[in-house]
Amino acid sequence: MNRPEKQPDSSPYAAARPTTDVAAESPLAANLAGLLTHEDVDRARDRWRVSRARWRERGSKTIGGLSVLWLLIGPGVLVFLGENDAPSMLSYAATGARFGIGFFLPFVVLTFLMGLVVQEMTVRLGAVTHRGHAEMIFDRFGKFWGFFSLGDLILGNFLTLVTEFIGIRAGLGFFGIRPIIAVGIGLAVVISTIATGRYWTWERITLALAIFNGLFVPAALLSHPDWKAAGHALLTWTPLPRGRGEDILLLILADIGATVTPWMIFFQQSAVVDKGMQPRDIRAGRFDTLLGVVLAAGFGIAAILACVPLYLHGINSSQFEAAQFAEALEPWIGHAGAALFALGIFEAGIVAAIAISTSSAYAFGEVLETGHSLNRPLRDAWPFYSALLGSAAAAAGLVLIPGVPLEMIVLTVNVVAVLAMPPALVFLLLLVNDAEVMGEQANGSWENAAGVTVVALLIVAGIGFGLGTVFPHWIHR
Amino acid sequence: MRHDEPAGAGARDGEPPEGTTAGLDLADPRAVLSLLEADQVVAAKQRSRFGHRNLTPGVKALLWSMRVYVVVMLVLVVISVLRAIHPAP
Chain A
2 MNRPEKQPDS
12 SPYAAARPTT
22 DVAAESPLAA
32 NLAGLLTHED
42 VDRARDRWRV
52 SRARWRERGS
62 KTIGGLSVLW
72 LLIGPGVLVF
82 LGENDAPSML
92 SYAATGARFG
102 IGFFLPFVVL
112 TFLMGLVVQE
122 MTVRLGAVTH
132 RGHAEMIFDR
142 FGKFWGFFSL
152 GDLILGNFLT
162 LVTEFIGIRA
172 GLGFFGIRPI
182 IAVGIGLAVV
192 ISTIATGRYW
202 TWERITLALA
212 IFNGLFVPAA
222 LLSHPDWKAA
232 GHALLTWTPL
242 PRGRGEDILL
252 LILADIGATV
262 TPWMIFFQQS
272 AVVDKGMQPR
282 DIRAGRFDTL
292 LGVVLAAGFG
302 IAAILACVPL
312 YLHGINSSQF
322 EAAQFAEALE
332 PWIGHAGAAL
342 FALGIFEAGI
352 VAAIAISTSS
362 AYAFGEVLET
372 GHSLNRPLRD
382 AWPFYSALLG
392 SAAAAAGLVL
402 IPGVPLEMIV
412 LTVNVVAVLA
422 MPPALVFLLL
432 LVNDAEVMGE
442 QANGSWENAA
452 GVTVVALLIV
462 AGIGFGLGTV
472 FPHWIHR
Chain B
21 MRHDEPAGAG
31 ARDGEPPEGT
41 TAGLDLADPR
51 AVLSLLEADQ
61 VVAAKQRSRF
71 GHRNLTPGVK
81 ALLWSMRVYV
91 VVMLVLVVIS
101 VLRAIHPAP
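Residue numbers (my numbering), protein chains in the order written: chain A, 2 to 478; chain B, 21 to 109.
Quick caveat, the hints were computed from the structure, so don't treat them as lab data. Be a bit skeptical, because a hint or two may be false.
Think about it this way: if two alpha-carbon atoms lie no more than 16 Å apart in a straight line, the pair counts; the simulated EDC-like pairs of lysine to aspartate or glutamate are [claimed, not checked]:
id	chain 1	residue 1	chain 2	residue 2
1	B	Lys65	A	Asp22
2	A	Lys144	A	Glu370
3	B	Lys65	A	Glu370
Only some residues are given here: those of chain B computed to face chain A with a beta carbon under 7 Å [said to hold, decoys possible]:
id	residue
4	Pro49
5	Glu57
6	Arg67
7	Thr76
8	Gly78
9	Ala81
10	Ser85
11	Val88
12	Val91
13	Val95
14	Val97
15	Ile99
16	Val101
Quick caveat, the model's predicted, so the values are computed rather than measured. Note that beta-carbon positions come from the ideal geometry of N, C-alpha and C, so glycine has one too.
Please work from the sequences and hints to get the whole structure.
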């Protein structure tokens with residue numbers, strides 16, 4: 002393995018390198034013993050639980066045993082169920098309502114496979130470097146490129162956060178709850194998850210909320226889906242969508258943006274670091290990510306199937322907003338089904354608001370080199386928590402201002418996510434191919450082939466969108 | 021816990037630490053350090069950096085092309101949204 006590039010003499014930092022050395026055996030151990038923080042102690046407690054579970058389950062044929070998996074799942078499931086957010090579920094709803102069962106079912110599965118390829122790399126990067134994504138970009142590429150990358154993230158995250166609160170408002174609006182109260186509930190949930198100052202508690206509360214993304218499954222079952230047609234579509238990618246090329250292209254982009262976005266990269270890597278995962282946990286981290294993909298793909302497809310009755314009955318859903326899907330579905334899936342759909346949109350908004358605001362705060366803390374861990378008490382890491390709550394509160398406030406073009410933001414957010422993804426992926430690919438950083442966990446040729454294919458597909462989708470915008474008559478034919 | 025030997029010795033292998041069967045005394049810094057990798061300790065991370073990588077002309081060209089791509093695409097998004105809000109008659 003290559004040795005790391007030497008730091009300039011003026012740098013106050015030692016040269017980091019990939020290592021699995023135990024801190025207690027490090028030459029710096031005596032110094033570090035006096036510098037331990039609350040964050041270190043909490044992380045060590047989490048590691049101790051994993052160590053004990055591994056020891057108890059030694060010889061198990063599953064990846065370290067079920068109790069080890071239980072302790073190590075989190076970032077992967079959260080990132081994918083978090084990305085099944087309000088605009089994503091509405092994209093799936095619009096897909097089902099406009100095109101029924103067909104091409105888009107296997108297409109959504111494909112987008113999740115793309116997501117799996119990307120997010121697996123963040124697990125390795127986080128577990129090996131113990132540093133967040135923003136920190137690694139600033140470290141390896143410098144401030145110039147770092148700030149570009151951070152700018153994309155912050156813009157995309159803020160727009161997405163606004164759409165989450167639109168979803169929260171609309172979901173609870175179905176039950177007659179006033180917007181200001183609905184948005185207040187959303188903000189209160191975000192605050193309550195961080196109040197314990199403990200990553201583990203935050204993660205478990207958010208996971209418990211995220212599993213309610215499964216509300217779309219009973220809603221889909223109440224729509225009595227044509228399982229034979231669904232199976233046929235998954236195998237043959239047919240029938241192909243018909244209609245205005247512009248609409249199809251926009252939904253293709255929105256469905257991709259519902260699965261692969263820059264915030265996911267930043268979030269999962271930072272969460273892996275905050276959870277204290279180590280290279281020996283990478284297999285469990287892969288399982289965690291795969292579990293997230295399976296759950297999120299299943300729930301996404303359920304949202305498509307739930308809205309197929311609108312397609313079958315010729316309901317024009319092109320101008321529908323969040324709650325209107327639930328209201329329009331009521332004659333076919335009943336009040337209970339519509340209520341489940343509306344609650345699902347509310348839940349999707351809440352979990353994503355938690356995850357995305359945390360993603361922004363991690364990046365903010367990493368760049369400012371201030372405390373950036375959910376294991377830190379509020380008083381120790383107030384800039385980190387202020388960024389988290391400030392971004393959520395600003396988005397929540399914006400949703401309540403009359404006259405703000407919320408429709409425009411909803412239309413834009415998933416498309417912006419897709420367009421900002423290739424540069425984010427290029428940074429990720431460069432980092433996971435960097436032997437100085439990754440050591441033996443650097444990408445192999447298969448991982449690179451998969452990663453480059455994802456970048457190419459995203460660029461093709463983006464160029465398709467661009468051509469459709471510049472030459473609209475081409476796709477109107 | 022005895023203090024004349026590393027607290028939580030063998031903890032990384034999941035073995036119960038010396039002198040205890042239930043848990044680990046995390047008030048002892050040696051126990052904490054025995055569970056974390058050297059680079060996981062906050063103070064250690066603050067003192068080290070991977071440092072800038074050498075950006076070859078090819079990598080620079082790739083990064084710049086991505087930047088141009090994003091800017092062009094964002095302009096197209098704005099055009100597209102304006103069209104959606106104010107459709108041509």
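Going down the list of hints, with the structure as the test:
1. Between lysine 65 (chain B) and aspartate 22 (chain A) the alpha-carbon distance is near 14 Å, which keeps this suggested pair within the 16 Å criterion.
2. The straight-line distance between the Cα atoms of lysine 144 (chain A) and glutamate 370 (chain A) is roughly 13 Å, inside the 16 Å bound, and the hint therefore holds.
3. Of the pairs offered as hints, the one joining lysine 65 (chain B) and glutamate 370 (chain A) holds, with about 11 Å between alpha carbons and a cut-off of 16 Å not exceeded.
4. With its C-beta approaching chain A no nearer than about 4 Å, proline 49 (chain B) sits inside the 7 Å limit, and its interface hint holds.
5. A hinted interface residue such as glutamate 57 (chain B) counts as satisfied when its beta carbon comes closer than 7 Å to some beta carbon of chain A; here the least separation is about 6 Å, so the hint holds.
6. With a least beta-carbon distance of about 6 Å to chain A, the hint placing arginine 67 (chain B) at the interface is held under the 7 Å criterion.
7. At its closest, the beta carbon of threonine 76 (chain B) sits 11 Å from a beta carbon of chain A; the interface hint therefore is violated under the 7 Å criterion.
8. Interface hint status for glycine 78 (chain B): violated, as the beta-carbon distance to the closest one in chain A is roughly 11 Å, over 7 Å.
9. At about 11 Å, the closest approach between the beta carbon of alanine 81 (chain B) and any beta carbon in chain A exceeds 7 Å, and the interface hint on this residue is violated.
10. Below 7 Å, beta-carbon pairs count as interface contacts, and serine 85 (chain B) has none with chain A, the closest being about 9 Å; its hint is therefore violated.
11. The beta carbon of valine 88 (chain B) is not positioned within 7 Å of any beta carbon in chain A (closest approach about 10 Å), and the interface hint is therefore violated.
12. Hint on valine 91 (chain B) is violated. Least Cβ distance to chain A is approximately 10 Å, over the 7 Å limit.
13. Below 7 Å, beta-carbon pairs count as interface contacts, and valine 95 (chain B) has none with chain A, the closest being about 9 Å; its hint is therefore violated.
14. Proximity of valine 97 (chain B) to chain A holds as hinted, the smallest CB-CB distance being about 6 Å (cut-off 7 Å).
15. Look at isoleucine 99 (chain B): its Cβ gets to within about 6 Å of chain A, closer than 7 Å, so that hint holds up.
16. Proximity of valine 101 (chain B) to chain A holds as hinted, the smallest CB-CB distance being about 5 Å (cut-off 7 Å).
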